[in-house]
Amino acid sequence: MMAAGQMHNRDSFLNDLAKSFGRERRRQVKKPEWTYRPQWDVLKGASQDELAEALKKQCSLIHTDVYETAASELGGLVKDLVQQYGGQSVVMWDDPRMDEFGLSSLPDELTKEQVAVHIWDSGKREENLSFSSTADIGITFSDAALAESGTVVLYNGKEKGRAVSLLPAIYFAIIPKSVIVPRMTQVAKQLHLKIEAGELVPSCVNFISGPSNSADIEMNLIVGVHGPVKAAYILVDDK
Amino acid sequence: MAMKIGDKPFKERVSDGINDAFMRGAVASAQGRFRSGRLNAAEELGNWEEWRKLGEEIRSHTIENLDYYLELLSENVIKRGGHVFFAKTAEEANEYITKVVKEKNGKKVVKSKSMVTEEINMNEALERAGCEVIESDLGEWILQVDDHDPPSHIVTPALHKNKEQIRDVFKEKLGYDKTEKPEELALFAREKLREEFLQADIGITGCNFAIAESGTISLVTNEGNARMVTTIPKTQITVMGMERIVPTWEEMEVLVSLLTRAAVGQKLTSYITALTGPRQEGEADGPEEFHLVIVDNGRSNILGTAFQSILHCIRCAACINVCPVYRHVGGHSYGSIYPGPVGAVLTPLLGGYDEYKELPYASTLCAACTEACPVKIPLHEHLLRHRQEIVEKEGKAPVFENLSMKAFSLGTASPAMYNIGSKLAPTALGFFSADDKISKGPGPLKNWTDIRDFPAPKKNRFRDLYKKRQKGGEE
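So the sequence lines, in the order shown, correspond to chains A and B. Numbering follows full-length UniProt numbering, in which position 233 of the first sequence is assigned residue number 233; successive positions increment by one, without gaps. Numbering follows full-length UniProt numbering, in which position 87 of the second sequence is assigned residue number 87; successive positions increment by one, without gaps.
None of these hints come from the bench; they were simulated from the model. In this text, all values refer to a predicted model and were calculated from it rather than measured experimentally. Heads up, the beta-carbon is just placed ideally off N, CA and C, and yes, glycines get one too. Heads up, a few of these hints could be off.
[Said to hold, decoys possible] Taking lysine to aspartate or glutamate pairs in the DMTMM-like style, the calculated list, with each CA pair at most 20 Å apart, reads:
(1) B/181 x A/218
(2) A/30 x B/64
(3) A/189 x A/33
(4) A/31 x B/50
(5) B/79 x A/11
[Claimed, not checked] Far from chain A, by Cβ distances over 10 Å, these chain B residues were calculated:
(6) 15
(7) 20
(8) 39
(9) 43
(10) 57
(11) 108
(12) 179
(13) 194
(14) 387
If we strip away everything but chain B, and leave its shape as in the complex, we get:
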C-alpha cells in the first residue's frame, strides 16, 4: 500500500476523521489506556528520565555512526551464513525480495508486522509475481481481510475498527458464524492462520533492533506470529529500515525496555525473539535460508540535516498516543502509514513537501509528543522547523489559515484540548495580550478579536498548580 494512503486531499481526510464518531471514541479510549500504561510503567521505574537520557544517548551515537554499525552488522550476518542486500530504493528492495521468493519457488508468504514493508509496498510486488501474501499480526490480518483497509496506528493498526465491524468483515469474507466477543474473533484468527503458517514456504518479518556485534535481529511481539514466521517456513526474509540498529546486546536490552514501556506499559512483551542467521547445522526448526534486506528509501537524505534525530525513533507510538490532534482526526487523516507527530515529521521527509506539506500543521505545537518520547526526540521542534522550511520554500504557509482555524475549533471543543493547547499559548500569544485581554489576535483569533476581546491564557495553569499541590508544593 506504500507510505501514502488514500487519494483524498488533506482537508477531506480530516473532516472524514472528525465525523467518524466511533473512530474518535475508540482513539480517545485507546489513548487513555496507552497513556496510563506508559505513565504507570514510568512511575514504577522511578528514574524514567535517566532511562530516556540513556535511550537518547544510545540512539544519537548509533545513528551518528550508522555506516560503521551497518558494516559490522552485515559482516556478522554473512559470517553466520545469512545473505545481506542493501537496497537504496523501494524498487531495489522489492526486486531482490521477489527474486529470492521466485528462486525458492515460493507460493505462500506469511508476514509478521512490519511498517517498512508497507512503506515500500512489498505485498503488491509479491502479489504481482504470483505469490499469496498473508499478514499474521491480528490487527494487520483484520485489515487485509477487509480489502486492505489502511492501518491507522503503528502499534495497533486496526484501532479504528470496533468488534462488531470486525465480526461483520469475518462473516462476509470468511463465513465466520460466531459472536463479536474479542476472544472468539481471536480464536477464529488463530485457527485460520495456523493452517497458513504450517503451509507457508516463505516467512517475512520486520525488525525492531538489529544487533551489530553479532548479526542478530530482534523482534518484539505479543501474539507469537513473528515466532511462527521464523520457526516454520524454510526461508526467512527480514526487511529493516537502515536505522533500526544498535551496537550490542546491551543497548538492545535498554531500547527494548524503553519500547515496551513507552508503547503499552508492559515491562516486556510476551515475546522478544533474537535471531542470528539461519538455523545452525543439525537444528530441526527455523529457516534454512536467511536474507536481511536493509532499506534506505530516502532515509539517507535526512542524515546530516537538522532532522537527523527523527531517525532515532523506535516506533513505540507514545507520541501518537498523547497527541490531541491525532485524538480528534484519527490515523487515516495523515494520509500516510506513519501518522501522529512522528508521521508529521517523517512523512514529508520521506515523501516530499509537494505531497505532504500540510502534515506539519496538523499539530498544536503543545510538545506533549516531545515529553512522551522515550528517546527524547524534539518532535514539536521538528514540526516547527518543517513549517519554517515550507514557508521559505513556498513563500507562504500552504494551509495555515484554514487549518489553524480548524485546529482552533478542535482546541476549544473540549476543556481537555483547550488545556493542552493552553500550555503553549501564553508564550505564543504573549505578544498580543495586554492586561490579560487579547485585543488583536493572530490567525484564528482574528475574526473574534475584530469584534471583542478574548481572555488571555493564564500564565499559571490550574492543571500545573494542581499537580504542584499534589506533590506538596507551596501554592
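So that you can see chain A by itself, here it is in the shape it has in the complex:
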C-alpha cells in the first residue's frame, strides 16, 4: 500500500457547503434504493451466444472488425491477422492468458516472420512507451466485454500497460466469449462489490469501444485521431 497523499483546505471548504445548505455537515448518508432500474432490462436473460451476436452487431456501427474462432485455432488466426493488417511490429501484454489460450509460441512465430515483437515489461517504462508509440499493432485480452455498446473492458496493471491499447496504430482485442455481459451495468456492479469487500480497484480501467474518432470538424465523423486508427476484436469460443 502506498503512502497516503496530502489533503488541503478540506474542512473550511466543506463547512462552507454545509453553511450554504443551512445545515450541519453530513457525516453519514445512506444511499437510497433508486425508484427506477431501467439499466437492468437491457439484454436481460440473453444467453452468451445472444450476447455475442449483439456485440457483433454493434461493432458494425462502430467501425470495428470482428473475427471468431475456436480456442484451438486462436494462435493461427492472430498470426494471420497481424499479416493481413500489415503489422511489422507488435506489442502485447505479459498476460498469463497467453498460455491458457495457446498463444505462448506466438511471439516466436511472429519473430520468425520478421515481425518485431515487444512484450510489456513492467520494469522498463521508456522502452515500453517508445516501442508502443511506433508499433503497428497492440494486442490485449479483454477482461470483460459489453454486448450493448461493443466495448472491451481492460483492467490495466503491472503486466498490462495502458499504452498497449492506445499508442499503436491498430488495436486487437481478444475477447473470450465467456466474459461478455449485457452492458456497463454488470461491470460497474462487480467493481462496486469488490470495493465494498475492501479490494482495490485497478489504477486504470478502460472501456474501449472501437477505434478513436472525432466529430470536431464540421461534425464529420473522422475515424482515427490520437488513439488507434483501426480496431479489430477476436471472439474466442472458450466454453
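Please build the complex by placing chain B on the supplied structure of chain A, with the hints as guidance.
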C-alpha cells in the same frame, strides 16, 4: 480565457452571430445531427423517461449531500496516494496548480478537454509561470492554434469553423500543405500532437464523474487524447467542478450512459477511462503523481437556493442542441464559455447579474431545453426565475423590449422557429386574445396590433396533431 469571452456588448454579439451565415448554417446542421442522434438513442432504449428519472434522482441525492460525498471522495483519493486540493476560488486553484507544476519543473503541459479549467483561466496562469500549455482535444487545439478563438459549444468547441477555415489556420500557423479533407486535417493534428504527448511533463484533465466510493475519476472521450494525457506524463493534475461527482460506480455507469446518449447519440463513447490515484507500485505507465483539484468558484452560492438543480448538469449540451435561440445567434453571442440554455442559467449565477443580466432573456421559454435534458433540470423555469429576480432587483427588465423584439423577428423568420415558439404562445398570449384574434398585444406585438389584429396562436398545433395521428390517435 476565463468564463467571459469577448468584450462586445450583448446586442453586438448577437448581431455578429446573426450575420455570420456560415456559423448559422453549421450550427443548424449540427443541431439536426445531434438531435436525431439523441432521439434515436432514446427510442432504441424504449424507456428513456425512466432513465431520465433515474438520472434526476441520482443527481438530486448527490448534490443534496455534496459535502458528504466530497469528503468520501477525497478520503479515498489520498488513501490511494493522490493529493487533494479544495479550491474556494479560481485564484486558489491556479496558485496550487502552478505550484505543483513548478515543483515538478514542468515545462510542457498537455491538456485534455476541460470546461472548468477554461472557467478559471488556468492556461493563462500557467503560461505566466513560463509553461507551454497544449490543448489536445482536436476542436480545442484548432481554437488554440487560431490565436485562442473562444469555444462556441461545450461538446464540439470549434463548431463555428468550417474545414476550409481550419485548413487556412493550419497553413498560416503551422505550415500545413494538404487539403481541407477532415481526415487529412485530423492526421496532421495526430502527428503534431503525438510528439507533444511524448515530451510532456505534466498532463491536465477535467473530470466527467468522480466516484466517491473509490476515489476514482472518469473521463468520457472519443479521440483518445485524455488517455494520452493520463498515460505518458509523469504528473497528472485533474481539475473538477465540485458538483461532478457520483456516489458509486453504479451511478457513474448510469450517468455515463445518459451523457453519451444525450450528447451525441452514442451508446458509449470510444473511451471511458476510470483512473484511481497515481500508478500503483511496479506499474510502468501512468502518472507517478496525481493531484485532484476540486473547485467551488461560486458554485456553493447556488446550493440551498431555488437554482440548486442547475448543479445537476452533466454537460451533455442536449439543451444547446435543441435551443432555437442558440441556433440563430450561435455560441459566442452568450459571451460565456457556457452557452445555450444551461449557460443562460449558470453564467449569471457564477458571474453575476451585473455582467450577464441579458442572458436569461436569450430564450423563447419554449421549454425544448427542459424536455431534452437527460437529468430533467427545469431549465426554462430557471430562466423565468432569473427574469423575476432581475426585475425585482433592478426594478425593470434590462433588455426585454429590445431583445424580445429581436426574438420575435427570429421567431417568425422561419416556420420551424415559429412552431417552436408557438408551442408556448397559446398560454403566454391567452390573456390578450379574443375570438382567435389578438388586438392588444404585449411587448413585440404591440407595434403590430396598434394597427391591425394578429392571428392568435392555435391551441391545437398542427405538429402535435400530426404526431398524434402518426401514433394512431383519433384526430
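To see whether the hints hold, each was checked on the structure:
no., hint, result
1, B/181 x A/218, "holds, 11 Å"
2, A/30 x B/64, "holds, 12 Å"
3, A/189 x A/33, "holds, 14 Å"
4, A/31 x B/50, "holds, 19 Å"
5, B/79 x A/11, "holds, 17 Å"
6, 15, "holds, 24 Å"
7, 20, "holds, 15 Å"
8, 39, "holds, 16 Å"
9, 43, "holds, 14 Å"
10, 57, "violated, 6 Å"
11, 108, "holds, 16 Å"
12, 179, "holds, 12 Å"
13, 194, "violated, 7 Å"
14, 387, "holds, 23 Å"
Hints 10 and 13, counting from the list given before, are not met by this structure.
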